[in-house]
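Student: Position chain B relative to chain A; hints supplied.
Now for the letters of each chain:
Number of protein chains: 2
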Amino acid sequence: METPGFAFEVLHQSGMARVGRLSTPHGEVETPAFVAVGTQATVKSLTPDDLEEVGTQIIFANTYHLYLRPGADVIAEMGGLHRFMRWHRPIMTDSGGFQVFSLGASIEQGVGKIASIFPDEAPAPSPPRRKPTEGRSLVKVTEEGVEFRSHLDGSRHWFTPEVSVQVQRQLGADIMLAFDECTSPLHDYEYTRQAMERTHRWAVRSLEAFHASRPLHGYPQALYGIVQGGAYEDLRRESARFIAGLPFDGLAIGGSLGRTKADMLRVLEWTVPELPADKPRHLLGIGEVPDIFAAVERGIDTFDCVAPTRMARNAGLLARTLDGKRLPKFRMNMRNARFKRDPRPPVEGCECYTCRTYSRAYLHHLFRANELLAYRLATIHNLFFVNRLMVLIRAALLDGTFEELKAHWLNV
Amino acid sequence: METPGFAFEVLHQSGMARVGRLSTPHGEVETPAFVAVGTQATVKSLTPDDLEEVGTQIIFANTYHLYLRPGADVIAEMGGLHRFMRWHRPIMTDSGGFQVFSLGASIEQGVGKIASIFPDEAPAPSPPRRKPTEGRSLVKVTEEGVEFRSHLDGSRHWFTPEVSVQVQRQLGADIMLAFDECTSPLHDYEYTRQAMERTHRWAVRSLEAFHASRPLHGYPQALYGIVQGGAYEDLRRESARFIAGLPFDGLAIGGSLGRTKADMLRVLEWTVPELPADKPRHLLGIGEVPDIFAAVERGIDTFDCVAPTRMARNAGLLARTLDGKRLPKFRMNMRNARFKRDPRPPVEGCECYTCRTYSRAYLHHLFRANELLAYRLATIHNLFFVNRLMVLIRAALLDGTFEELKAHWLNV
Numbered sequence: 001m002e003t004p005g006f007a008f009e010v011l012h013q014s015g016m017a018r019v020g021r022l023s024t025p026h027g028e029v030e031t032p033a034f035v036a037v038g039t040q041a042t043v044k045s046l047t048p049d050d051l052e053e054v055g056t057q058i059i060f061a062n063t064y065h066l067y068l069r070p071g072a073d074v075i076a077e078m079g080g081l082h083r084f085m086r087w088h089r090p091i092m093t094d095s096g097g098f099q100v101f102s103l104g105a106s107i108e109q110g111v112g113k114i115a116s117i118f119p120d121e122a123p124a125p126s127p128p129r130r131k132p133t134e135g136r137s138l139v140k141v142t143e144e145g146v147e148f149r150s151h152l153d154g155s156r157h158w159f160t161p162e163v164s165v166q167v168q169r170q171l172g173a174d175i176m177l178a179f180d181e182c183t184s185p186l187h188d189y190e191y192t193r194q195a196m197e198r199t200h201r202w203a204v205r206s207l208e209a210f211h212a213s214r215p216l217h218g219y220p221q222a223l224y225g226i227v228q229g230g231a232y233e234d235l236r237r238e239s240a241r242f243i244a245g246l247p248f249d250g251l252a253i254g255g256s257l258g259r260t261k262a263d264m265l266r267v268l269e270w271t272v273p274e275l276p277a278d279k280p281r282h283l284l285g286i287g288e289v290p291d292i293f294a295a296v297e298r299g300i301d302t303f304d305c306v307a308p309t310r311m312a313r314n315a316g317l318l319a320r321t322l323d324g325k326r327l328p329k330f331r332m333n334m335r336n337a338r339f340k341r342d343p344r345p346p347v348e349g350c351e352c353y354t355c356r357t358y359s360r361a362y363l364h365h366l367f368r369a370n371e372l373l374a375y376r377l378a379t380i381h382n383l384f385f386v387n388r389l390m391v392l393i394r395a396a397l398l399d400g401t402f403e404e405l406k407a408h409w410l411n412v
Numbered sequence: 001m002e003t004p005g006f007a008f009e010v011l012h013q014s015g016m017a018r019v020g021r022l023s024t025p026h027g028e029v030e031t032p033a034f035v036a037v038g039t040q041a042t043v044k045s046l047t048p049d050d051l052e053e054v055g056t057q058i059i060f061a062n063t064y065h066l067y068l069r070p071g072a073d074v075i076a077e078m079g080g081l082h083r084f085m086r087w088h089r090p091i092m093t094d095s096g097g098f099q100v101f102s103l104g105a106s107i108e109q110g111v112g113k114i115a116s117i118f119p120d121e122a123p124a125p126s127p128p129r130r131k132p133t134e135g136r137s138l139v140k141v142t143e144e145g146v147e148f149r150s151h152l153d154g155s156r157h158w159f160t161p162e163v164s165v166q167v168q169r170q171l172g173a174d175i176m177l178a179f180d181e182c183t184s185p186l187h188d189y190e191y192t193r194q195a196m197e198r199t200h201r202w203a204v205r206s207l208e209a210f211h212a213s214r215p216l217h218g219y220p221q222a223l224y225g226i227v228q229g230g231a232y233e234d235l236r237r238e239s240a241r242f243i244a245g246l247p248f249d250g251l252a253i254g255g256s257l258g259r260t261k262a263d264m265l266r267v268l269e270w271t272v273p274e275l276p277a278d279k280p281r282h283l284l285g286i287g288e289v290p291d292i293f294a295a296v297e298r299g300i301d302t303f304d305c306v307a308p309t310r311m312a313r314n315a316g317l318l319a320r321t322l323d324g325k326r327l328p329k330f331r332m333n334m335r336n337a338r339f340k341r342d343p344r345p346p347v348e349g350c351e352c353y354t355c356r357t358y359s360r361a362y363l364h365h366l367f368r369a370n371e372l373l374a375y376r377l378a379t380i381h382n383l384f385f386v387n388r389l390m391v392l393i394r395a396a397l398l399d400g401t402f403e404e405l406k407a408h409w410l411n412v
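Residue numbers (our numbering), protein chains in the order written: chain A, 1 to 412; chain B, 1 to 412.
The set of hints was computed from the structure by calculation and includes no laboratory data.
Accuracy of the hints is not assured; some may be wrong.
To be verified - Computed, partial: chain B to chain A, Cβ under 7 Å:
1) Q40
2) P70
3) F84
4) R86
5) P343
6) C350
7) A361
8) E371
From the three backbone atoms N, C-alpha and C, an ideal C-beta is built for every residue, glycine too.
Same shape as in the complex, but just chain A (with noise of 0.2 Å):
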């Protein structure tokens, strides 16, 4: 990595997948790795102590959502986001450009890859799917940067790539995401090119606002860059080759991943190769079991997604199988009738504190009475499951059993 402070350290490689080591000023993190979401300075529901009991290793802050609220001049004068919010291991903030895109406008189209491969779980609003010249779209998108309104309260703001390194200098996260441009699935050919463009040069802006700036809180921070190009194999191409030969520490793919799982996998498959292989690389949005499986197999070595705790806060622990059989979106609905009297263990086991802990019956409960405590109670044992996942899956890629890790998990 470029920046002093980090390293990135590949420890074994198993064809395109990798183990590896990241280290940051806040401690190291073993990859591949589950990135937890904590969009506004908090997991939600968990304090840090929770995170650390449930194993969770590096966090990810949207800067959209913190500039917006408390402030970014907020966070900066509280010390930081890690003082902030009293998590003392690495934090990963976006660069603000997703958010800009899917929340800061009355939004007029389908953005991005929650929508497309999250379709159960879309963030609200939802988008309407209409192309993107229908509706008036409140984001304005010139060479220097974008205006949008606030989804809070409809204000103006300006986003640059000089303004999103600064309020990431701001918020202190260990590493920092170049600003870009988010296209959707929506947008043709022509204007996922255009848009690619700009966001390559901006990724150059963000670099030079990178170094002209310093870091506020003791500690330096890192910057990857963000591949963009859409569903198109030579814009992917191309993105990932720019991109690449900029002196990022690290590297993103974001922005549309296609409608299908498969155009997902055709887009790291393009993307990855034309990597360099001694930086990380992060992929945007993506958590759930079989993409896991299918972005570390093909090279990603950190990834975020508010899959398992949004699920969690909508009753759903995830789980492999249930009473023997499978569960093919490995979701186990704790508002079902058939959990009210079951004394059994969340899920069997398990060795999370939740399901030590307490029973299928006390959960339907809370989740029935919608008490506030089922909310922690699920986060917890999702995000214990995933970062257990993510345990196995490095101890397979080590000792060479990853397919049949991969088989047992997707029964492929």
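Tutor: For chain B alone, coordinates are given in the frame of chain A:
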């Protein structure tokens, strides 16, 4: 106390106030003690570990709510409340009477003490202030018992002293309460007398049902009687003498405590001297700081109240002073803009987890962003605060400095 397995020992007397020790099959309670409310088998947002960390000795659950959801039979099947919710210290349950009258109908009047003593904290739905004879009550009281409708689905249910004891046997709390009719400050003398006399007949039936039944979960349960009589001196004295004359394990003071704090104090002054010195005394629904001092010095041993936990969910942190100034209502509003950039602990000098760990600015942000973590952190503080106040009160009673402590807190 009458039931084997229970004991109450007065360790020290100071005027009417006393320091005691209540022994139950699930451990001891140092009195005077605050009983945290866990209506639906959960103290909202906290785990049992959290409850222990904040010094909670005993919790209170609501029979009416648990009978309707998940059902007392479900909790019985799961081994009782302690096992169901994984709280292994003492539990009290109420008789269901209060909620039958306050929630079990399209509430047509202000019922009971919460509406009168906590006007800002009245439970939803807020009762319109009409006379009991106006409107059509959906609660039907007969000599046999009470018919009511579920506030969840409108279904009809039937509670009697015998049903209440049976349901509380299923729940398995250490301390159960006898079924009573709860009157409001709007009931006139004549109706209050009739209801009190009916409550007395129900008290006798409750004791009979108690002795005719057996604990279901392998440990004994105690039964407290409830003194009624509204805000009328002759009725309160008569009720106290009647209930005190029955072989209950302890005595609770319920029903309307009048319309003002002064009324409540008078009710205590009429009632407590009529109660036996060797049995524990519980005051239902009281828990604001001035009320705690008032109840303790009038001889109350335990009291339950939703105020600290509900206030926490409304962004109110309990504190005596803020930045050197007294808080007459002992409440800081964490949503207040003054806290936006305040790096200090929420309540300076407080040793709870929340105040040891986070800033005012962070709590302010969490409440403004409606983040789930806010409710837990504030609840931890408020229960720690009340439990700590009870430690101070017990110590002050033992070393003869209660008046100084009270003056320090109430500035009187």
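Student: Run every hint past the structure and note whether it holds.
Tutor: Each hint tested on the structure:
{"no.": "1", "hint": "Q40", "result": "5 Å, holds"}
{"no.": "2", "hint": "P70", "result": "4 Å, holds"}
{"no.": "3", "hint": "F84", "result": "6 Å, holds"}
{"no.": "4", "hint": "R86", "result": "6 Å, holds"}
{"no.": "5", "hint": "P343", "result": "6 Å, holds"}
{"no.": "6", "hint": "C350", "result": "16 Å, violated"}
{"no.": "7", "hint": "A361", "result": "5 Å, holds"}
{"no.": "8", "hint": "E371", "result": "5 Å, holds"}
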